[in-house]
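Numbered per numbering that gives the first Met the number 0, the sequence shown finishes at 492, counting up by one with no gaps.
No lab work stands behind these hints, which were simulated from the structure alone. The reader is advised that the hints may include incorrect statements.
[What the hints assert, rightly or not] The calculated DSS-like cross-link candidates involving lysine-lysine, where the alpha carbons are at most 27 angstroms apart (straight line), are:
no. : residue 1 : residue 2
1   : 65        : 389
2   : 104       : 127
3   : 127       : 449
4   : 345       : 364
5   : 114       : 127
6   : 65        : 114
7   : 345       : 366
8   : 127       : 392
9   : 397       : 127
10  : 114       : 104
11  : 114       : 364
12  : 389       : 345
13  : 364       : 314
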Amino acid sequence: MMSETETTTRTWSAQQETVFSWFSTPNPDEPNAVINAYAGTGKTTTLLEGCRRAPERSILVCAFNKRIAEELTTKAGDTRIQAKTLHAIGFQCIKRFRDRLILAKGTERADGLAKEVCGQRAPDTILKLVSKLHTKAREMKPHATQPGELIDIAVQFECEPGDEWANTAYTLDYVCQKAVDAMEIASKVESGGTIDFSDMVFLPVRNGWLVPMWDLAVVDETQDMTTAQLEIVQGVCRGRIGVVGDRNQAIYAFRGADVESLDRLKAELNAVEMGLTVTYRCARAIVREAQRYVPDFEAGPDNPEGSVTTITGDKLVGAAAPGDFVLSRLNAPLVSVAMTLLRAGKRTRVAGRDIGAGLKTLVRKFKARSVPEFLQRVSAWEEREALRLKAAKRDSSKIEAVHDQAEMLVSLADGAKNVDEITSRIDALFTDDGLGDQGLVTCSSVHRAKGLEANRVFVLRDTLRSNSVEEDNISYVAITRAKLELVYVVGIQ
0 MMSETETTTR TWSAQQETVF SWFSTPNPDE PNAVINAYAG TGKTTTLLEG CRRAPERSIL
60 VCAFNKRIAE ELTTKAGDTR IQAKTLHAIG FQCIKRFRDR LILAKGTERA DGLAKEVCGQ
120 RAPDTILKLV SKLHTKAREM KPHATQPGEL IDIAVQFECE PGDEWANTAY TLDYVCQKAV
180 DAMEIASKVE SGGTIDFSDM VFLPVRNGWL VPMWDLAVVD ETQDMTTAQL EIVQGVCRGR
240 IGVVGDRNQA IYAFRGADVE SLDRLKAELN AVEMGLTVTY RCARAIVREA QRYVPDFEAG
300 PDNPEGSVTT ITGDKLVGAA APGDFVLSRL NAPLVSVAMT LLRAGKRTRV AGRDIGAGLK
360 TLVRKFKARS VPEFLQRVSA WEEREALRLK AAKRDSSKIE AVHDQAEMLV SLADGAKNVD
420 EITSRIDALF TDDGLGDQGL VTCSSVHRAK GLEANRVFVL RDTLRSNSVE EDNISYVAIT
480 RAKLELVYVV GIQ
């Protein structure tokens, strides 16, 4: 934690001083602020110092997850400053209106609501779709009361009944209607009732239970938050709001993030915009590479030169060392890389325990008795799913995800003696433990690596795309994970 002496004697940049001026001197004509903070620009340090200089008596810093919230609370060193996740804030509001609440485990509450609205005779497949849809909708569209309002979410998160249900009552309209019904029942929770994680966002927004509790609210990683999450912030702050994010790191639209939140909130809040564009993380060579996507990205005056190089895929195994990241837009190439590294005696992990869980579900679903049979069923499933998604005119990213899963399973089966060994490999490879651990080579999708950094980062260049703003953002995020060395790897895709 920085001492008071260090805080007052430290030299700050002109951009940081501009941010501090907003914090320390409220302007009634422009009470709110949008701070566009690029990768590695000292955002956290700047925000906490700004909060210390603010005159408000109660200050909320909204963090993206619990780990970050705990770190911010420790670093703040000021009793006026509270760091919380938006779910924790929502739960705090709920407890003002309902007490003795029980937190459900897993999908218990969601599944129970689905059964309540569909009835006991509804097929399990349909129950699961309704459960998944109303869970997503509670966080993304908490005000929805009509089935038509959920169709986009149903399509986005694969909550549509398959072709086998086409001539039955269990249509997409049915699933959306029952999800809306489940949301209405969920909103009526009483004291002593059960709630789940999604309710922490849903209930305070849907029921108007947002209570102004803080004089100043600062929202971090705004580009990754949903509209409902941002509505919570606006409801619990009785004074100024500062929203912080990086338009160029908006890569979570597929999760329902409000990727235009910075621009929308700037207009809604009548906010002044400030920028933190000077990075202290990335070496100069890496900054020059990132400027291909973000031209006004700058290197700090004391940043080292660093390097950006390119190697072929066959050189990766010999080059990668503990503490390095290997990043890819897709997961399938990472499995192949990780297996090769392990065979070479290098400790390796693939980030994403939930990805592994999804693969194990598919392994169980295929019920294969041998590896050849398993590979046949993977191929048949891949072809069938791709055709189904194309017929439904689904987004190409959904079809790509199917191919990605199939390719991961094929890589995991390479050289396996039996299907149980495939499952064992999944357990051994996929984890969120040791992410960034200096004793491991971490293989990760770019999405998983967001917010992390390593001295040396290998990027599988052939997996990157440049056909949209979001794809360019993914490339920018990948590049800016590197502090000293960025190494493009070609020939792996």
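Comparing the hints with the structure gives:
no., hint, verdict
1, 65 - 389, "violated, 39 angstroms"
2, 104 - 127, "holds, 16 angstroms"
3, 127 - 449, "violated, 30 angstroms"
4, 345 - 364, "violated, 32 angstroms"
5, 114 - 127, "holds, 9 angstroms"
6, 65 - 114, "violated, 32 angstroms"
7, 345 - 366, "violated, 32 angstroms"
8, 127 - 392, "holds, 22 angstroms"
9, 397 - 127, "holds, 19 angstroms"
10, 114 - 104, "holds, 17 angstroms"
11, 114 - 364, "holds, 23 angstroms"
12, 389 - 345, "violated, 40 angstroms"
13, 364 - 314, "violated, 37 angstroms"
Of the numbered hints stated above, those contradicted by the structure are hints 1, 3, 4, 6, 7, 12, 13, listed in ascending order.
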